[in-house]
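Order-wise, the sequence lines are chains A and B. Going by my numbering, the residue at position 20 of the first sequence is 172; the numbering climbs one at a time, nothing skipped. Going by my numbering, the residue at position 150 of the second sequence is 345; the numbering climbs one at a time, nothing skipped.
In short, the hints are calculated from the structure, not lab data. Backbone N, C-alpha and C define an ideal beta-carbon position, used for all residues, glycine too. Hints should not be assumed to be uniformly reliable.
What the simulated footprint calls covered on chain B by chain A, stretch by stretch (three residues with Cβ under 8 Å from a Cβ of chain A suffice, anywhere in the stretch; the number is not a length) [said to hold, decoys possible]: (1) 207-214; (2) 285-295.
Which chain A residues stay away from chain B? Per the calculated CB distances, all over 10 Å, these [what the hints assert, rightly or not]: (3) 202; (4) 232; (5) 240; (6) 278; (7) 281; (8) 285; (9) 291; (10) 294; (11) 301; (12) 355; (13) 405; (14) 451; (15) 456.
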Amino acid sequence: MRRRIFPLIGLAVFMMLPPLATWIGEPYLVSTFTRIVIFAIAAVTLDLLIGFGGMVSFGHAAFFGLGAYVSGIIAHHAAEQITLFGLPATDQALIIWPLAILVSAAAALVIGFLSLRTSGVHFIMITLAFAQMLYFLFVSMEKYGGDDGLMMLERNPLPGLDMSDDWSFYYLCLGLLAVVLFILGRLINARFGMVLRSIKQSGPRARSLGISSLAYRLTAFCIAGAGAGLAGALMANHNGFVSPALLHWTLSGDILIMVVLGGIGTLYGPVLGAVIFLALEEFLPLAFEGAGLPGFKEHWRVVFGPLLIVIVLFAKSGLYGFLLGKEAADV
Amino acid sequence: MLLFFEQLLNGVQLGVFLFLLAAGLTLIFGIMGVINLAHGSLYMAGAFASALALRLSGSFTLALIAAPLAAGLVGLAMEVIVIRRLYARDHLDQVLATFGLILFFNEIAAISFGRQPLFMNIPPALNSTVELLPGAPYPVYRLLIIIAGLLVAGLLYVLISRSRAGSLIRAGSTDQEMLSALGINVKMLFALVFAFGAMLAGFAGGLAGPLLSVEIGMGENILILTFVVIVIGGIGSIRGAFAGALLVGIADTLGRAFLPGLLKLMLPPAEADGIAAGLASMAIYILMAGILIWRPAGLFPPQGRSGA
């Protein structure tokens, strides 16, 4: 029962956030909420890999950053009116965002195909290695700002929507999160998801039943990469700026933490995880200041680090598991 | 040719340096099965301890003693408080908990030493060059690092393959239950091995002080390189860590030194520089991905374990 209500309550809360921010006189918070929603998209796609596919990828930021760079680079070409691969560049979101998704999915296909030859620690490390490769690739691309990154003049226009308006952009991201959750929810409960989970439980058993585990896991890897690419494109639009930091391995770590905080192997858990993680990042420094410990304001991580360890050690099922009890176990 | 020789030595120097870190990390993984992302923090602890000791005492020898001691103590505390609880957990938990440790140690360092990098001078006695080949002067300090690293590698080999402590360590990596049934305090053994790995990392940090700046985040950069090393070598194998460290050290150094020149033969100079810099940074990751695709368990996978 709680499982049914949970997403509806969540959606209602998310819908209410911008008016709430204005009401309490902190309208800039809409920007924080947008970040939360965008990272939630990245986190739920990573959970498809970790929670349902048993693939602990430590390079999810690669696809996130790639999506961001695709939209940044195309918009840059459009602004400077330079052709890209002989084609005129456009700044239309309806063209750029699908391209960002496609490029990330294609990268995930290649990286996944090579990485899935390994398992366990080696898989963690090889996904990390590929992400670092892409990181250094973008650092070295002087044409697109190298280390300093690339500015975007304005958000990619979308017909019928005023993209420069922060509220519209927030609701657009929220809508996309809902779409991603809907697709993943269908996928997880379809045959595809069942097979994926059976491979996670026992690879040899799935193989002996005649299932090609590589094909299923690679498909999941591509879907996750595509979702992260979408999130990256949104993040580029949100920040108006792309830089190699979006591909850095610590960001992969952050997304991983969101998944674990929320609850591995649950559909909505990672959304909660993104909320907690980014809210802590935003408000823990303020909380220290408010509590009369201004010295800790800058050093909030000194508390966050141990907090993370405690959560890992003692609260394995994440906040979603805590809220939903036994019901969280199934999807 | 002389330039190549010099760069090759630089590569070996980076290699033995990485080995000091990789040896501890691979030992810890091979025996306890823990991925310790916070190994870089121990290296940082060593570097800060040696910078502090140098400032207080003015003696570089004392600084080099302080580095492994401090890192060893930090490592011991880390094992007892956190790492010990991670032995039975899966790799994901280990990655996350030790990621939390990194955040903690970086902030502790920021609170105690500030965010400005500290600089250590190379002690005057070592701040000269020797001519190994006629016409090719080489800094004494770097040569010293190579010698120290090779010495440690040799000692480690003897320790692990010839001593009683080594046979306990090897036994621990094969069958812990049997070992504890034979009356060995496995908990204590693990804590000591962890502290020993931490001391090696701290020693590397102390040696690095004069070459690099001592700053927050220095651990993470080298940590990723170290992971590349042990994955290439085969996780859990000291021999593999040595081979992997030299391979990575040499590939990285030579790539940075010679790729720009090579690419300039083919591309316009302006583009070549950018691409070469990128390729040089990517070189070791390409090497690692290539080796894992070719041999998924690394070059020297440890024997007698099912790779789990």
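Hint-by-hint comparison with the structure:
1. 207-214: violated (count 0)
2. 285-295: Answer holds; 8 residues pass the 8 Å Cβ test.
3. 202: 7 Å, violated
4. 232: 18 Å, holds
5. 240: Nearest chain B Cβ is 23 Å from residue 240 of chain A, so the label holds.
6. 278: 5 Å, violated
7. 281: The claim breaks: residue 281 of chain A does not keep its Cβ more than 10 Å from every Cβ of chain B (closest is about 4 Å).
8. 285: 4 Å, violated
9. 291: Non-interface label on residue 291 of chain A violated, nearest chain B Cβ at 7 Å vs cutoff 10 Å.
10. 294: Residue 294 of chain A is in fact no farther than 10 Å from some Cβ atom of chain B, at 4 Å.
11. 301: Answer for residue 301 of chain A: holds, closest chain B Cβ roughly 15 Å.
12. 355: 13 Å, holds
13. 405: 5 Å, violated
14. 451: 5 Å, violated
15. 456: 6 Å, violated
Of the numbered hints listed earlier, those contradicted by the structure are 1, 3, 6, 7, 8, 9, 10, 13, 14 and 15.
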